[in-house]
Structures are given as C-alpha cells and as structure tokens.
Amino acid sequence: MSIASAPALSARAVAPVASKTRRWLRRYGLPALGALVILAWIIVALSAPALSPYNPATVDVTARLRPPSFLHWLGTDVLGRDVFTRLVHGTRVSLTTGIVVVLVGAIIGTLVGGIAAYVRGRLEELIMRLTDLVLCFPPIILAMAIAAALGIGTTNTIIAMLIVWWPKFARLARSLVLVQRSQEYVEAAVVMGLSPTRILLRHILPNSIGPLIVLVTLDVGNAIITFAGLSFLGLGVIPPTPEWGSMVSEGRELIEQWWVATFPGAAILTVVLGFNFLGDGIRDWLDPRSRRR
Amino acid sequence: MADTRSRLSSVRTPATTGTAVLDVRDLRTQFFTDAGIVRAVDGVTFSVAAGETLGIVGESGSGKSVTALSLMRLLDEPARIVGGEVRFQGRDVLAMNPDELRALRGDGVAMVFQDPMTSLNPVLRIARQLVETMRAHGRFSDEQATARAISLLGRMGITAPERAINSYPHQFSGGMRQRVMLAMGFSNEPALLIADEPTTALDVTIQAQILDLIVELNRDFGAAIILISHALGVIANVCRRVIVMYAGEVVEEGPTEQVLADPRHPYTWALINAVPRIDRHLPGTRRLTTIEGAPPDPLGIPSGCRFAPRCPFRIAKCDEHPALLDLAPGRKARCWVTQSGEPLPPPMAAQTATAVSTAVPKPSETAIAEPLLKVRGLVKHFPLPRDGLFGPKKVVRAVGGVDLDVIEGETVGVVGESGCGKSTFARLVVRIHEPTAGSIRFAGQEIADASAAVIRPLRRRMQMVFQDPYASLNPRMTVGDILSEPIRFHGLTESARETAERVEELLAAVGLNPKMAIRYPHEFSGGQRQRISIARALALKPEFIIADEPISSLDVNIQAQIINLLIDLQERFRLTYLFIAHDLAVVRHISDRIAVFYLGKVMEIAPAEDLFKASLHPYTRYLISAVPIPDADAERSRARLPLAGEPPSAIDPPSGCCFRTRCPIAKPICAEVTPPLAMLRSDHLAACHFPGQF
Numbered sequence: 001m002s003i004a005s006a007p008a009l010s011a012r013a014v015a016p017v018a019s020k021t022r023r024w025l026r027r028y029g030l031p032a033l034g035a036l037v038i039l040a041w042i043i044v045a046l047s048a049p050a051l052s053p054y055n056p057a058t059v060d061v062t063a064r065l066r067p068p069s070f071l072h073w074l075g076t077d078v079l080g081r082d083v084f085t086r087l088v089h090g091t092r093v094s095l096t097t098g099i100v101v102v103l104v105g106a107i108i109g110t111l112v113g114g115i116a117a118y119v120r121g122r123l124e125e126l127i128m129r130l131t132d133l134v135l136c137f138p139p140i141i142l143a144m145a146i147a148a149a150l151g152i153g154t155t156n157t158i159i160a161m162l163i164v165w166w167p168k169f170a171r172l173a174r175s176l177v178l179v180q181r182s183q184e185y186v187e188a189a190v191v192m193g194l195s196p197t198r199i200l201l202r203h204i205l206p207n208s209i210g211p212l213i214v215l216v217t218l219d220v221g222n223a224i225i226t227f228a229g230l231s232f233l234g235l236g237v238i239p240p241t242p243e244w245g246s247m248v249s250e251g252r253e254l255i256e257q258w259w260v261a262t263f264p265g266a267a268i269l270t271v272v273l274g275f276n277f278l279g280d281g282i283r284d285w286l287d288p289r290s291r292r293r
Numbered sequence: 001m002a003d004t005r006s007r008l009s010s011v012r013t014p015a016t017t018g019t020a021v022l023d024v025r026d027l028r029t030q031f032f033t034d035a036g037i038v039r040a041v042d043g044v045t046f047s048v049a050a051g052e053t054l055g056i057v058g059e060s061g062s063g064k065s066v067t068a069l070s071l072m073r074l075l076d077e078p079a080r081i082v083g084g085e086v087r088f089q090g091r092d093v094l095a096m097n098p099d100e101l102r103a104l105r106g107d108g109v110a111m112v113f114q115d116p117m118t119s120l121n122p123v124l125r126i127a128r129q130l131v132e133t134m135r136a137h138g139r140f141s142d143e144q145a146t147a148r149a150i151s152l153l154g155r156m157g158i159t160a161p162e163r164a165i166n167s168y169p170h171q172f173s174g175g176m177r178q179r180v181m182l183a184m185g186f187s188n189e190p191a192l193l194i195a196d197e198p199t200t201a202l203d204v205t206i207q208a209q210i211l212d213l214i215v216e217l218n219r220d221f222g223a224a225i226i227l228i229s230h231a232l233g234v235i236a237n238v239c240r241r242v243i244v245m246y247a248g249e250v251v252e253e254g255p256t257e258q259v260l261a262d263p264r265h266p267y268t269w270a271l272i273n274a275v276p277r278i279d280r281h282l283p284g285t286r287r288l289t290t291i292e293g294a295p296p297d298p299l300g301i302p303s304g305c306r307f308a309p310r311c312p313f314r315i316a317k318c319d320e321h322p323a324l325l326d327l328a329p330g331r332k333a334r335c336w337v338t339q340s341g342e343p344l345p346p347p348m349a350a351q352t353a354t355a356v357s358t359a360v361p362k363p364s365e366t367a368i369a370e371p372l373l374k375v376r377g378l379v380k381h382f383p384l385p386r387d388g389l390f391g392p393k394k395v396v397r398a399v400g401g402v403d404l405d406v407i408e409g410e411t412v413g414v415v416g417e418s419g420c421g422k423s424t425f426a427r428l429v430v431r432i433h434e435p436t437a438g439s440i441r442f443a444g445q446e447i448a449d450a451s452a453a454v455i456r457p458l459r460r461r462m463q464m465v466f467q468d469p470y471a472s473l474n475p476r477m478t479v480g481d482i483l484s485e486p487i488r489f490h491g492l493t494e495s496a497r498e499t500a501e502r503v504e505e506l507l508a509a510v511g512l513n514p515k516m517a518i519r520y521p522h523e524f525s526g527g528q529r530q531r532i533s534i535a536r537a538l539a540l541k542p543e544f545i546i547a548d549e550p551i552s553s554l555d556v557n558i559q560a561q562i563i564n565l566l567i568d569l570q571e572r573f574r575l576t577y578l579f580i581a582h583d584l585a586v587v588r589h590i591s592d593r594i595a596v597f598y599l600g601k602v603m604e605i606a607p608a609e610d611l612f613k614a615s616l617h618p619y620t621r622y623l624i625s626a627v628p629i630p631d632a633d634a635e636r637s638r639a640r641l642p643l644a645g646e647p648p649s650a651i652d653p654p655s656g657c658c659f660r661t662r663c664p665i666a667k668p669i670c671a672e673v674t675p676p677l678a679m680l681r682s683d684h685l686a687a688c689h690f691p692g693q694f
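Line by line, the protein sequences give chains A and B.
Position one of the first sequence corresponds to residue 1 (the numbering used here), numbered consecutively onward.
Position one of the second sequence corresponds to residue 1 (the numbering used here), numbered consecutively onward.
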C-alpha cells in the first residue's frame, strides 16, 4: 500500500536532485574561475620577458599611437611603446604591490589586534583608538598625503599604503580573538599553565585565521586598485616603469586612441574580479553553515 | 507459544482505536550529501489517535527530529522525502501544494522547538507574534486575537499577561519563552502539537513546570501531542505511548509503562539501564550498564539488524534485517531475540565482568586531615557596563560567598540550576577567573590572590574537564599535540619518544586507540572527544580534577560510559573530583557528598544518601522532586512539589535568604537575616532558618 501511493507524492517532494557536477559547479564554479584568472596572471608576471615581443621602455616616436595590429597586438602609446609589452611587465608591479601591501598589513594588523584583544585594558584602548584615528580618513586621501610627503617611488607608496592598511585587519583580528578567548579550549590551555604568548600564538590565532584569509583575498584586488589609483595620480611608480594605473592615467585624455587606457583597465578589472571570486569562495568554504558533509 | 503468537498477530494496530489524527506509513527522508545518501528516516510507520500523547525517544542522529520536520515538510535541500505517506486527518501531506501546506502549519499542526531563545523573533513584541499567528489563518479578527492571546498567556501560567503581551522576547527567560511558544502553538486550536525536545534547554524545576503544562493542555484542549525527547523520564511523565528510534528506524513501540518496565528491544533496554535513577540507588553498584560502540555511520548502515554490532544479546539470525514484529496487542519490537516472548534479562546478569567494584576510602575515615581544597567566603562579581556615563555601577553577583571543603579521595558533587554560579565557582578554583574576595587553599597553599608564577606548579596537581566536547579541544591541533603540549611545556618527559609513549598511555587509559593520536578532534564523536578531554586533564598526573558538566551534552549511553570511565580513573589514579552537573541522578550516582547551589550561595551540603533521604533545605526538596523518573508508574504516583516562579536576577539578589522569594515557609526573619551555613547533623550543613520544617 505504501509503495502504491508513491506516485501521489507531489513533484516538489520527490523531484530529482541536481547531478554531482552541477552541484560542484554551483558551489565552486566562480571561485575556481577566480583562481584560474589569478593563476594565469601570476604565470604572465613570471614569464613577462618571454611573452613580450618588445622592451617595455623602448621609445619609438615614429610608431606612436598605432591601433592594435599584428605588429602591436594591443597598439602603442603616446611614446610609441608597445601596450601589450607594458601590460605584461606591469603585471609584476601591480600584483607584487597588491599582495605585499595586503600580506604585510594583515600580519601587522593581526598581531596588534590580537594582542589588544588578549591583553585588554589600557593597551587595547590605545590600539583601538589609533585604528579609529586612521580609519576615519578616506583611505586613498590619507595614502596620497603620506605618499606625497614621503616622495614618489614604489617603496614609499607601499609604506604609505601599509599605514592606511593595517587598522582594518587589527579591528577584525581583535573581534575574532575576543570570540576565541572565551572558548573552552583556551580556558583549558590556561588551566594547563601555558604562557600567554603561547596561548595567543598557538591556540587563539590559528583558530581566528579563517575570516582574515577571506579579507586578505578580497583585499588584494582593493590594494591593486588603490595602488593603480595612486600611480594614476602620479604618486606610485617612477616613470617609465610600466604599471597598470599609470598606463590608464597616460591614456585618459586619448578618446580616439581607446586602446591605450582600455587594456590596462581591463587587466585591473580581471585581477580584482578574480580575487573577489576566490575570496567569496573561501568565505563560503570556511562558513560551517554553507559547508555540508 | 505458537498459540499466543497467532493470537497476538491477529490484533492489528490496536493503539489506533480512535480516529487517527496522523497516520505515517513507511516514511523515508534522505539527505543527498556529497559523501553519499544519508537515510535519516528509513521506513517509519506510526499513527497518532485524536487526543493521544505519543513519545518519540532516541539518541542524537536517530532520526527523531528529521521525522518531526518531515511531517510538516519543513526540510530544506539537501534533505528530501523520497517515499512513504503522511496523512493528517485523512489528507495527504506530501501531495499538498504550498498554499495547502501553509494552511496546515500552525492551524492543524503546531510545533514547538527545542531552543526557546531562538524560536521567537527578537524584534517583534509578543503580542504581534501571537496575533499574527492567529490572523494568518483567518480565524480571528484583530481584537478577538488580542483578547485570545492574553487569555492564552494567562492559561500558560504567565503572570500579568496584559503587560507581558507588550514585551519583547529578550525580556523573558527561557522557560517563559517556551510558555509563549506553547501559547502560540495552541492559539489556533490545532489537532496535533509536535514538541521537539521542548524542555532540553531548560532547568529541571522549569522543565517540571513546562511538562505539567503540556499534560494539562493535552487534557483541556484535547490536542494530540507528539513529544520528542532523548530523556525517558520526560516521556514517562507525559506520554501514554512511546516509540523508540534507532538509526532511522522504529525499533520498539508500545504503551509507555510496558516499554519502560519490560523493554523488548536491546536498544531500549540499554537506554533504560544507562540512566542512573534518582528513586532507586543500589549502594555498591558504581558502574552503570552501558553498551559498546556508537550508532552506525549513517552512510554505511549494516545490512542486518542495525543494532546488532552493539547488541549484548545478538544471535546468528541478527544478520538478517528484522521487521517491526508484533509482540502483544499494541507492542512491537524490531528484534529477533525477543520474538520468543521472553523479557530481556536485568542488567547485572549481562555484565558480570565489571560488576566487581572496589570500595573507595570514605571521607569520614580521613576527615581529620586538612582538606585538599578549602574554600572560604569565595566571592566573584562581574562588572556590568554602566547605563550611560553617569549610571550606577552594577555587578552580577555570580558567586556570593561560598564555603566548601573537598577531602582527598572523595567526590564532591555540585548541583544547581543554570545561573547559580556553579561553573563560575569551578573557574575560580582553577583561577581562570580572579576571585573578588575570599580564600582558596589548595594543598595547604593560598591561591586566591597568588600570581600566575606561583600557581603554575600547582596547575599540575589540579586539572579541569570541560562541558562542551566540541569547544574544549583546539580544532587545529592533532590529538597527539593536544595531549603532549602540557607534558612538554611542563617538562615532564626527557625525550620526544617518551612523550609519545606517554600520549599512547593516556589514550589507552581513557579507552581510545593509541593510534588515533595523529587525528584531529573533528574526526571523533562527542563521547570520544570527551575522553580526549579527560586524557588531557590526566596528562599532568593531577590529583584533583574539576569536572564542569562533563556529560550534559552527551547521549545517555555515552554519559554512562563517561561516568564509568571517571569512576575507573578515580580508583586507578586515586583522584579527587569536584563534579559539577545539573542532573541530580548523575550527581547522586557519582558523589560522596553533594553541595546544592542557588544564586551563588551554598544552600545545603550533605553526604549523597542523606541529602536525598532527608534534605533539610526546602530548595533541595523541590529540586529532587522535579527530576523526572523513567518509570511511568512511579512518575504518576509521585506527588510533585510545584516550585513556582524562576530564580531572581543575580544583579539584584533578594535580601537575607536568597531563596525566600520562592520559599513556601518563608517568614519575615528570612528577609532580614541571611541564614548561615550551619552544621545541623553530622556532616550535614544547611543554610536555612527553618531546616527540615518543609
């Protein structure tokens, strides 16, 4: 009798389940795409000299502002430099600065924020008010001011960005450590008589790292844009070093010669999107509610 | 025998003589996970007659909650109902469209969930939520619904319902919220109420209040009730009929008294015998009856009887999967062993191996010596954030002056409801928290205000086992690292090899495979994790262990295993325990002496037997009376002492005796003079102006 009644079940109750491949694509499709894009750009950065047909700094005024052709795949700029070559070489500067700023900022921020949350009291108050102080300025304006004060150059720009960058990691790390420090395994470590440094570094921080990794991945794109922005404003790299932001900047008044600004802009777009997709994926993967057995 | 059998099998589903409100046939719910298909509910058949009370028992993962959710079609992807039939008042629930389903939910069938803290919307007033439920089904106008909401809240035992209805959920305690949930459940006069572990998150005195209310509601409103619980005592209290679930199947069904008195499935037998009972304590039987192993992996269910791998009574035929076989009118069991009609043997006969119990030196013999732990006037206040810049300074008086001695070799139990300060007390003793005032002497040394450096050597002698086996192990360290870290930090071993040997020794001591040291905590079940937690506490070879609710988040059979383990270890390593729990039966079973906490103070301290036979404090009497007993006859014949109300706030405790606001024998003196904890009989202390007069 029970088997006979099976067809009576509504379609909703017994509809077929999506295939394994489709479920994988739905869950990991975009993050995988993001990872592929980033991987492709990293390969481009590593093999830049092999990929590019010209020298990025070679000026050829006779061939200025040529449209894309077989000779110059993405055209040439005002000084007749090959856009494709400069784009490929620019990958190195953009990716490196983005990753360096975020990683160093994350490490400094996590340690400072972690110590604040673990020690509490006056030190925490001091550190957190300092982050408030930095965070209340628009990041790019503050970075601009500091970079301008330090002088033009890649290293100086990175230092300026770091000063702006660490507070958000400190805030996040503090809130994560506050959650973890009341967990029972931390209390167990206290009862064991372990030293506070050991408890913070060995027990609390490894368990707080998940959301920080997500912020790191999502933020690399952000840092690349900011660095490109600073370069666009003339504060980043020293010319003629190829860099995406400064390339966009050079092409910004050339409406007819669209290729000069469009291709580096598109490059920035793909890297930023790639890191965002990957970051979203890692966030979902680390969130236990979305991770099913 | 054959004669009886044929007579029995001719009686078909006699429990459903009334018209069935709910008829479930061969219900199958499966989870389509990446790892494979989990058959959470696998061919469950039962029915509920109008006005009947049915209990569903089983340990976590047995499929009891998934069954309840399937009945209402409340499951989301990746869970799906793949087969079977659910008929509510003759209508096919599985064939309903969304509109019909919505009409069914909350109107025909209502549901009350386990966690009252999250089942009300925190941003809406109670009135809005209750009225919304009634208006949604178009039965009542706004005014009618509001009037009805007030009368329902009054019926649920909420004082001043006219005022309460305009409160927000956070202004209510857990017990009060569960009353609101019940009011909401009954607001549309449903024919069936499904209550999924409605009292699990509540304290025992509040649990007793809610269970009494459910029984009354069943009587007065005539709604059938399905009560889902892991605790047999709760079921015995409320339900006429019970079904027992194991690994997605019904393994036994029958009238509650019969099932509890004479279980015919070995799993039911194990469930009943694993719980220590408050009304029946046999001196000398320190070990509880447990069954081996854990429920089967839901991805790899055995093809024969699903319980066979753990069953102490298995026979050759158990390789074949048994059907739910008729035993007697209304009684069924999925077991080949009890098919002959014979009852299962009493527990002691089944486990002769561990029946021998060595006597532990009783505290009275060594009472002259200085106690290992001596706590005097211990106070802990937690500051609260001020209301505004110039608001008054407020504190939570978590522990308000506790005196307690623990003598070497004994087990002292600490019981009390949540918020009574028992966990804070434990954390003060091990100095996770700094005491506000008072003295803690451990092994003759004052540690209440000692620095971390002074305490560090003492940490080796005093360890702690925590409540939550999922939170108490660092998820990013292997078990081996977790166990070796304290050993290496304190330099207890000479070489890495010695450390590894010690880790293996520890794992073996708590009954785990030493090879498991390379695994991470998430690869273990709750019970195994608690064993790891115990092994970690033992790593430093302590003499004193504080166990803070070490078994309260485990299933009953696992609880029994852990209790037995703790008793074994105590005898083997001569340990002293401070055992904190809210389950009185367990505390009585394991403890030599028991301290009863209420609102941060000790109400009574007495040897376990004396406390249960002749308690002197009224609160203790209430507490004992509120514990449900897994025996339907005993449960119904017992007069329960109704303790009204809830514990007052620890921010502003009552003056004098803190229990006076709920005490039936309180006199004016109780508000003025705080009764001291006085020795009233030998070894029996109580803080009451009128001890033993209630």
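Any given hint could turn out to be false.
[What the hints assert, rightly or not] Quick list of simulated restraints, FRET-style, between CB atoms:
(1) Ile99(A) with Ala443(B): 53 to 59 angstroms
(2) Gly210(A) with Ser525(B): 22 to 28 angstroms
(3) Trp285(A) with Val123(B): 26 to 32 angstroms
[Stated by the list, open to error] Derived list of chain B stretches under chain A, where covered just means 3 residues or more per stretch with a C-beta under 8 angstroms from a C-beta of chain A:
(4) 145-155
(5) 464-476
The hints are simulated quantities; they were obtained by calculation from the structure and are not laboratory data.
In this text, a Cβ means the ideal position worked out from N, Cα and C, and glycines have one as well.
8 angstroms C-beta criterion, at least three residues: is the region 464-476 of chain B covered by chain A:
holds (count 10)
So the hint says 26 to 32 angstroms: do the beta-carbon atoms of Trp285(A) and Val123(B) match that?
This hint holds: roughly 31 angstroms between Cβ atoms.
Okay, Ile99(A) versus Ala443(B) on CB: inside 53 to 59 angstroms?
55 angstroms, holds
Honestly, do Gly210(A) and Ser525(B) meet the 22 to 28 angstroms range at C-beta?
24 angstroms, holds
Taking 8 angstroms as the Cβ threshold, is the statement that the region 145-155 of chain B is covered by chain A upheld or broken by the three-residue rule?
Three-residue rule not met by the region 145-155 of chain B, so violated; n is 0.
Hint check: a violation occurs at hint 4 only; the rest are consistent with the structure.
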